[in-house]
Amino acid sequence: MMSEWPLLSLLIWLPMLGAVLVAALGERSPKLVRPLALGIALAVFALSLSLYAGFDTTTAAMQFQEKAVWIGAFNIHYHLGIDGLSLPLILLTTLIGGLIIVAGWRIEDRPHLYLASFLLLQGLMVGVFSALDALLFYVFFEAMLVPMFLIIGIWGGPNRIYATVKFFLFTFFGSVFMLVALLWLYLQSGSFAVADLHQLPIALDAQILVFLAFLIAFAVKVPMWPVHTWLPDAHVEAPTGGSVVLAAVMLKIGGYGLVRFALPITPDAAAALDWLVIGLSLVAIAYIGFVALAQSDMKKLIAYSSISHMGFVTLGLFLAFAIARNTGDVAGAGLGISGGMVQMVSHGFISGAMFLAVGVLYDRVHSREISSYGGVANTMPWFAMFAVLFFMANSGLPGTSGFVGEFMVILAAFQASFWFAFVAATSLLLGAAYSLWLVKRVFYGEVASSAVAGLKDLTGREWALMVILAAFVLGVGVWPFPLIEVMEVSVAELVEHIMQSKLP
Amino acid sequence: MTLAELQLALPEIFLLAAACGILLADLFIPTERRGLTHMLAVVALVFTAILTLRLMMAPGEVAYAFSDTFVRDRFSDVLKVFSYLILAGAFVYAKHYLRQFDLFKGEFYTLSLFALLGVMVLMSSASLITLYLGLELLALSTYALVALDRESRLGSEAAMKYFILGSLASGLMLYGMSLLYGATGSLQLAGISAALGGGAGDSMLLTFGLVFIVIGVAFKLGAVPFHMWVPDVYHGAPLPIALFVSSVPKLAGLALAIRLLDNGLGGLHADWQGMLVVIAGLSLILGNVVAIAQTNIKRMLAYSTISHMGFMLLGILAGTPEGYAAAMFYAIAYAIMSAGAFAVLILVSADGREADQLDDFKGLARRNPWHAFLMMMILFSLAGIPVFLGFFAKWQVIAATIAAGFTWLAVLGVLTAVIGAFYYLRVVKLMYFDEPESDRPLTAPVDFRAVLTVNGVAMLALGIFSGGLISLCLSAFVG
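Top to bottom, those sequences are chains A and B. Quick note: the first sequence uses the numbering used here, first residue 2, plus one each step. Quick note: the second sequence uses the numbering used here, first residue 457, plus one each step.
So here's chain A without its partners, still in its complex pose (with noise of 0.2 Å):
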């Protein structure tokens, strides 16, 4: 009965109707926007729950699907529809959103437009992970800069300025190159639709043109290194919620560009380019990770962690190509983009789970600084217990959901080629490196200061917030299967499709 409805309309549209209602009503009562935002938060995520319990595992057509006509004199329409690959990020979007209108609870300055913002964010988001129509897709995805912009900018730390302007410029500057392409294959096509440009034959020179187009927008939006340089300045500057929305949910879409776009429209070019993504993969996987090391602020620290677990997401996403050559497997291909995919969600969990905590800290020391910090564990047990949990889990601790992706991708480099696999695999002793070393700084050893001695262990709100996260990361660690089945088909359906040329 449930599918009788646009589902993913709601999901896109309440959440927006939502922010206008919340920006409205805060002026005159403020008591009423922090419950009611939640409201909203939690009815679309158990609305995202019956599109996950209505969602059929045994196909790749695209499910739930809504198509009108939005502009009709250049055959635009507004379609959605969801596969395996977005329903994840869609669920990860909608669970992440509950938790940050919790995480934001003690805004105080204008909290009707901080929570407006999210919501409109969240929105927005869904709209990304299920648009089947490219400029509806870009639409969405350009307009996420918004209000991703001015929830760094008004609630962001002291050089919240620059880096919500550095956010916002990088970001624009890599997608305008995906318009430019998006309209020449809307010239070639006569049609937006993904599924229309899926089948679009295209000249390898031009398939190329197309490919960097579209890897320029999404590497900015991952980041893969060198283009990563705005992420450490836009998370140590934004409030807590934006370090978490940002990394866990806004990241994922670079990836999921690659998957949607990049690979499917251009595989020839993507497969004649995947060493350079590789490459760049490996850069940031293994030089990111030193840089990491060399932290002395947790959230870059965190940040620098980030880009270097989504260099195994792109490492992932581009493996398919030389396994296929080296192995003859087909089939087995997949292998790396499954990994990926797995990785990106498992990070969404861990990176806002180390966001989050940090945010605990820093809500009561002010300070983001590793050398503020030490024995923490000693006042504030329990935290430290989850604390220690998520920067294991980041560090790829079998049994934690960093691990599955991780693994799986390394498995795959190993059949694309042995230093692929060296390489990334250093990332497992760096990733352990600086996030065992960041915790032994901040939550063991001697008491260090007066201000540590004072802390006072979670309270409710951050208590459940820490448990939601951990039952994911040890959810997804021990028990990947349900997860892994959603997209399975999704992903031998993608392999199948690049695999074949798209050449006139």
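Errors might be hidden in some of the hints.
Examples of chain A residues lying across from chain B (beta carbon under 10 Å, computed) [what the hints assert, rightly or not]:
#1 V70
#2 V147
#3 F150
#4 R161
#5 V166
#6 F169
#7 A471
In silico SDA-like cross-links for lysine to any residue, where the CA-CA straight-line distance does not exceed 20 Å [said to hold, decoys possible]:
#8 A:K441 <-> A:A385
#9 A:K457 <-> A:W383
#10 A:K457 <-> A:T380
#11 B:K885 <-> A:Y163
#12 B:K818 <-> B:V874
#13 B:K885 <-> A:L294
#14 B:K885 <-> A:V366
#15 B:K885 <-> A:K503
#16 A:K68 <-> B:D605
#17 A:K167 <-> B:I748
#18 B:K818 <-> A:R111
#19 A:K441 <-> A:A452
#20 A:K301 <-> A:W438
#21 B:K818 <-> A:I162
#22 B:K561 <-> B:D605
#23 A:K167 <-> A:A54
#24 A:K301 <-> A:V366
#25 A:K301 <-> A:T230
#26 B:K818 <-> A:G158
#27 A:K68 <-> B:I920
#28 B:K818 <-> A:P159
#29 B:K818 <-> A:D110
#30 A:K503 <-> A:Q200
#31 B:K885 <-> A:L170
#32 B:K885 <-> A:P112
#33 A:K68 <-> B:G924
#34 A:K441 <-> A:L398
#35 B:K561 <-> B:P515
#36 B:K885 <-> A:I162
#37 B:K885 <-> A:N160
#38 B:K818 <-> A:N160
#39 B:K885 <-> A:W438
#40 A:K167 <-> B:A749
Since the hints were derived computationally from the structure, they do not count as laboratory data. Because the structure is a prediction, the values reported are computed rather than measured. Beta carbons: idealized from backbone N, C-alpha and C, even for Gly.
Chain A is already provided as a structure; the job is to place chain B on it using the hints.
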């Protein structure tokens, strides 16, 4: 001259009579009841709109009058209706400013209406003479409007510069027209087009004529390298006049370009396309880069206009119906956005000083959240961020440029849009991220606030539901 022909020109005839009537009536209206002149002017616009809509041309329908010198088609009618709408909005915005700055004079209304008449004649011109007539009526009225504040030295200087440079451009254009006439033997745009199609004409004469025509068009649009007057005029003119100059005449500039370059010189498309590529490219780069260096927001908007005219030219140079429709959409969208931006400037102005410094916008979101929000939507729209109106204007001209085979120019266009985003974001930053320097609440009459609200919300509404406006613009070119 038959009654049917007069019928076609009824909106123009009515507006002429109304403007003269208002000029006379204003003499008998005492200063303290000047609001009556305002009312009369708005009513005149409403009736002109009704007269236009009554005989609205269907797509593909064309009617000529007065020995084929005057034309009405879908293109002219749609543009005219938007001109009325925007001018009516401008009147409401202007009233608040003129009251505050002690400039509430009847001349503003009569001159604006005469300028509108020029715009309308220009839009409906089917011959070089009519076109020049409309152009000069618009230009002369605008020169006088820029100098509306007689006490202002900046204003007089701007008007003088505008007048001299504008006359020069008109002279060049007139010279180009005479060369065209010499080469083709016709003043009618259709006649010129037919002569070109028949292969007639001395190519040397035609090329010279074309160059002068393109210069004239570029000057009227304020495109590089004929843009020098734009920043000075925007800076020197009182805010409502700058608002006017940046909105309705842009629609006229579009009509001028389409009538001359397409209706008349369509046969020379290959020749003028190359010129427009250079002009558009330079406008995009110079407008966006120099705007970054401005601290005066009026000058910043002036350079932003230059870049936007570059975008509009991208649509025209494609030379396809889709391209023209995209340029038309761009011109209409820009006129609405620009009117809104200047209206917020008027709103922030107070105590006899125009809010023309960037710092005047500090902390606006705290002083007046709603109007700051409207301004933010206008700025994001100008920057071309989805889902606002400006984005839908931009992607259409970019698509037309790619279709015409100028992918590199399209890439240049979007890159300059990224540069442009920086200075729009700076204003958003001032409004939202900085603390206010004064806590004086912003006040404006209810009609001003209502029109501004409609104007700002239109950024969002016309963006999300852009399909209607896109079809409307296409219907002007695809019969």
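These are the hints, each one checked on the structure:
{"no.": "1", "hint": "V70", "result": "holds (8 Å)"}
{"no.": "2", "hint": "V147", "result": "holds (6 Å)"}
{"no.": "3", "hint": "F150", "result": "holds (7 Å)"}
{"no.": "4", "hint": "R161", "result": "holds (7 Å)"}
{"no.": "5", "hint": "V166", "result": "holds (6 Å)"}
{"no.": "6", "hint": "F169", "result": "holds (6 Å)"}
{"no.": "7", "hint": "A471", "result": "violated (35 Å)"}
{"no.": "8", "hint": "A:K441 <-> A:A385", "result": "holds (11 Å)"}
{"no.": "9", "hint": "A:K457 <-> A:W383", "result": "holds (10 Å)"}
{"no.": "10", "hint": "A:K457 <-> A:T380", "result": "holds (7 Å)"}
{"no.": "11", "hint": "B:K885 <-> A:Y163", "result": "holds (10 Å)"}
{"no.": "12", "hint": "B:K818 <-> B:V874", "result": "violated (23 Å)"}
{"no.": "13", "hint": "B:K885 <-> A:L294", "result": "violated (34 Å)"}
{"no.": "14", "hint": "B:K885 <-> A:V366", "result": "violated (28 Å)"}
{"no.": "15", "hint": "B:K885 <-> A:K503", "result": "violated (46 Å)"}
{"no.": "16", "hint": "A:K68 <-> B:D605", "result": "violated (56 Å)"}
{"no.": "17", "hint": "A:K167 <-> B:I748", "result": "holds (15 Å)"}
{"no.": "18", "hint": "B:K818 <-> A:R111", "result": "holds (17 Å)"}
{"no.": "19", "hint": "A:K441 <-> A:A452", "result": "holds (18 Å)"}
{"no.": "20", "hint": "A:K301 <-> A:W438", "result": "holds (14 Å)"}
{"no.": "21", "hint": "B:K818 <-> A:I162", "result": "holds (14 Å)"}
{"no.": "22", "hint": "B:K561 <-> B:D605", "result": "holds (10 Å)"}
{"no.": "23", "hint": "A:K167 <-> A:A54", "result": "violated (40 Å)"}
{"no.": "24", "hint": "A:K301 <-> A:V366", "result": "holds (17 Å)"}
{"no.": "25", "hint": "A:K301 <-> A:T230", "result": "holds (11 Å)"}
{"no.": "26", "hint": "B:K818 <-> A:G158", "result": "holds (19 Å)"}
{"no.": "27", "hint": "A:K68 <-> B:I920", "result": "holds (16 Å)"}
{"no.": "28", "hint": "B:K818 <-> A:P159", "result": "holds (17 Å)"}
{"no.": "29", "hint": "B:K818 <-> A:D110", "result": "holds (17 Å)"}
{"no.": "30", "hint": "A:K503 <-> A:Q200", "result": "holds (8 Å)"}
{"no.": "31", "hint": "B:K885 <-> A:L170", "result": "holds (14 Å)"}
{"no.": "32", "hint": "B:K885 <-> A:P112", "result": "holds (19 Å)"}
{"no.": "33", "hint": "A:K68 <-> B:G924", "result": "holds (18 Å)"}
{"no.": "34", "hint": "A:K441 <-> A:L398", "result": "holds (16 Å)"}
{"no.": "35", "hint": "B:K561 <-> B:P515", "result": "violated (40 Å)"}
{"no.": "36", "hint": "B:K885 <-> A:I162", "result": "holds (8 Å)"}
{"no.": "37", "hint": "B:K885 <-> A:N160", "result": "holds (13 Å)"}
{"no.": "38", "hint": "B:K818 <-> A:N160", "result": "holds (17 Å)"}
{"no.": "39", "hint": "B:K885 <-> A:W438", "result": "violated (38 Å)"}
{"no.": "40", "hint": "A:K167 <-> B:A749", "result": "holds (18 Å)"}
Checked against the numbered hints listed earlier, the structure breaks hints 7, 12, 13, 14, 15, 16, 23, 35, 39; every other hint is satisfied.
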